[in-house]
Amino acid sequence: MIDEFILNAVIAGVLVAAIAGPLGCFMVWRKMAYFGDTISHSALMGVALGIAFDSENPIIMIATCSAVAIMLLFLQRDRRFSSDTLLGILAHGTLSIGMIVISMMDHFRTDMMYYLVGDILAISERNIYTIAGVVGITGICLFFIWRDLLSLTVHEDLAHTEGVKVNRIKIIYMLLIAFLVAVALKVIGVLLITALMIIPAAAARTISNTPLQMIMFSSIGGIVAVISGIAASSQWDVPTGPAIVLCATFLFLIGRFNIFKKAG
Amino acid sequence: MGDNTSPLIRLENVCKSYHKNLVLENISFSVNRGETVTLIGPNGAGKSTLMKISLGILEASSGEIHRDKSITIGYMPQKVMIDEVLPLSVRDFLYLRPNTSYADVAEALATVRLTRLADHPVQSASGGEMQRILLARAILGKPDLLVLDEPVQGIDIMGQQEIYGLIAKIRDETGCGVLMISHDLHLVMASTNQVLCLNRHICCRGSPEFVQRNPEYHAMMGRPMEGVAIYTHNHDPDHDHEYHHGHDHD
Chain L
0 MIDEFILNAV IAGVLVAAIA GPLGCFMVWR KMAYFGDTIS HSALMGVALG IAFDSENPII
60 MIATCSAVAI MLLFLQRDRR FSSDTLLGIL AHGTLSIGMI VISMMDHFRT DMMYYLVGDI
120 LAISERNIYT IAGVVGITGI CLFFIWRDLL SLTVHEDLAH TEGVKVNRIK IIYMLLIAFL
180 VAVALKVIGV LLITALMIIP AAAARTISNT PLQMIMFSSI GGIVAVISGI AASSQWDVPT
240 GPAIVLCATF LFLIGRFNIF KKAG
Chain C
0 MGDNTSPLIR LENVCKSYHK NLVLENISFS VNRGETVTLI GPNGAGKSTL MKISLGILEA
60 SSGEIHRDKS ITIGYMPQKV MIDEVLPLSV RDFLYLRPNT SYADVAEALA TVRLTRLADH
120 PVQSASGGEM QRILLARAIL GKPDLLVLDE PVQGIDIMGQ QEIYGLIAKI RDETGCGVLM
180 ISHDLHLVMA STNQVLCLNR HICCRGSPEF VQRNPEYHAM MGRPMEGVAI YTHNHDPDHD
240 HEYHHGHDHD
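As they're listed, the protein sequences go chains L and C.
Here the first sequence is numbered in numbering that gives the first Met the number 0, starting from 0 and rising by one per residue.
Here the second sequence is numbered in numbering that gives the first Met the number 0, starting from 0 and rising by one per residue.
Please keep in mind that the hints were generated in silico from the structure rather than gathered at the bench.
By construction, the Cβ of each residue, glycine as well, lies at the ideal position given by its N, Cα and C atoms.
Hints are supplied without guarantee of correctness; some may be wrong.
As the list claims (entries may be wrong) - Here are the computed distance ranges between Cβ atoms for each label pair:
hint, chain 1, residue 1, chain 2, residue 2, range
1, C, Ser125, L, Ala51, 58 to 68 Å
2, C, Thr4, L, Asn208, 43 to 53 Å
3, L, Gly132, C, Glu58, 23 to 33 Å
4, L, Ile96, C, Ser125, 44 to 54 Å
5, L, Asp83, C, Ser125, 49 to 59 Å
As the list claims (entries may be wrong) - Not the full set, but computed from the structure, chain C residues with beta-carbon under 7 Å of chain L:
hint, residue
6, Ile56
7, Leu57
8, Asp67
9, Ile70
10, Pro76
11, Val84
12, Pro86
13, Tyr94
14, Leu95
15, Arg112
16, Leu113
17, Ala117
18, Ile154
19, Met220
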């Protein structure tokens, strides 16, 4: 018999991983890994605001992450600073705000570790509904924009000339990441969310011949990593988030070194 | 399709400046159906900028751009680098063009004679093959206007002639207009109707033969006219045009 909290953890993890992989593929293709990190660091500010307002409403998290993404777009207009630098500023600026606000709450005693690596075993049924809703919306949006997003990933000017609404699609993609990060925080934590996007995508690259294959395999790989990670964590009593990431890393290494394939 | 006799695209007094630096000054030209207009100019002359303004990728600082909304444009950018992390075959690269079928893709590949590469990763194409792949992408969707940014970049002379021949053939068969950037006047002469010499402003314009005989062109390209030895260049008053060619030669 599987305990209910394990079952909740598996459902939440699978939902998040199913969409994290496909979003991660574009992150890998567009070399935006640091963007994912920035949004997840800013999520800690969202946590702090949630505590300050004494609310667990996911809208606060989503709004915070989205605001940081839009802030980045705004700052990028000044070409003196590269995206890399701006991301560094936003990531650490928001992270610091989050940590300072949390430290100022005297009545609030909790282990920061939960926010850093997630607390998947504490996922409630309500959390699952929220995650399912956000993942569903994200998946539908991605389904409609993926071809345009792929086209502008290959070449923005060419996509523009062919009628792709480049800026609109880019903003939608950034907001989708912000949405996912906001709900994935509890599942896998600030430090590891990007890993759940990047690593399954990289692992999928080793066995894919088309973009769509890579998107599909990254989703499957992420789900496998989540299930095996939760299993490993309950078996050996290790933290779940890191166990999931390690399983994903293992999948990548299998693919990278062709362990189950003939040498290529 | 619009009116068959009106220009596909017409620019009037277009200016562009970056940080108060004027990079394009009062550019006016148009491209008609079945016509090839070639932009020639030294590095930093603003050729690519002008092309991107024509396409609507960049905004002009002033001036007017009349682009028939109903026309389809095929664009060939200067350089396309696709990272190996994206598993993309040549066929799928071409298929990225919206509203295309795999049959259209196969036809375009046949036109540029690269059918054999369809299943290969797009990253494995050589420089010359990549240019032809980009040309195939540009002609997908049966464009009324082809806009080509240095279509022969990084290709040897034989390959250059082949690409220019292909472009002229596509133009003659489909009746589309062509706007392209080139470095070499001689290679494009045979297939070009109008040449614009660009160095921030249009230094001279006209038929390729006219431009070839025009001292402004030679001054702009920093090369002496044919038959003038290089060592006399700096002392020859006939060629001292570098700093005062602020007028058009229509």
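Right, here's what the structure says about each hint:
1. The hinted range of 58 to 68 Å is satisfied by C:Ser125 and L:Ala51, whose Cβ atoms lie roughly 59 Å apart.
2. The given range of 43 to 53 Å is respected by C:Thr4 and L:Asn208, whose C-beta atoms sit roughly 48 Å from each other.
3. One distance hint, 23 to 33 Å for the beta-carbon pair L:Gly132 and C:Glu58, is violated here, with the actual separation near 39 Å.
4. Between L:Ile96 and C:Ser125 the beta carbon distance is about 51 Å. The supplied range of 44 to 54 Å therefore holds.
5. At roughly 32 Å, the beta-carbon separation of L:Asp83 and C:Ser125 lies outside the given 49 to 59 Å, and the hint is violated.
6. Because the closest C-beta pair between C:Ile56 and chain L is about 5 Å apart, less than 7 Å, the hint holds.
7. Interface restraint check for C:Leu57: the shortest CB-CB distance to chain L comes to about 9 Å, outside 7 Å, so the restraint is violated.
8. The interface hint given for C:Asp67 is broken, as the beta carbon of that residue sits about 15 Å from the closest beta carbon of chain L, more than 7 Å.
9. Here the hint on C:Ile70 is broken, as its CB sits about 12 Å from the closest CB of chain L, past 7 Å.
10. For C:Pro76, the interface hint holds, since its Cβ comes within 7 Å of a Cβ in chain L; the closest pair sits about 5 Å apart.
11. Hint status for C:Val84: holds, given a least beta-carbon distance of 6 Å to chain L, under 7 Å.
12. Given hint, C:Pro86 at the interface with chain L, holds; its Cβ is 5 Å from that chain's nearest Cβ, closer than 7 Å.
13. For C:Tyr94, the interface hint is violated, since its Cβ never comes within 7 Å of a Cβ in chain L; the closest pair sits about 9 Å apart.
14. For C:Leu95, the interface hint holds, since its Cβ comes within 7 Å of a Cβ in chain L; the closest pair sits about 5 Å apart.
15. Annotation: C:Arg112 was flagged as interfacial toward chain L, and the flag is violated, the nearest CB pair being 22 Å apart, outside 7 Å.
16. Interface hint status for C:Leu113: violated, as the beta-carbon distance to the closest one in chain L is roughly 18 Å, over 7 Å.
17. For C:Ala117, the shortest C-beta to C-beta distance to chain L is roughly 13 Å, which exceeds 7 Å, and the interface hint is violated.
18. Annotation: interface hint on C:Ile154 violated; nearest CB of chain L at approximately 19 Å, more than 7 Å.
19. Annotation: interface hint on C:Met220 violated; nearest CB of chain L at approximately 27 Å, more than 7 Å.
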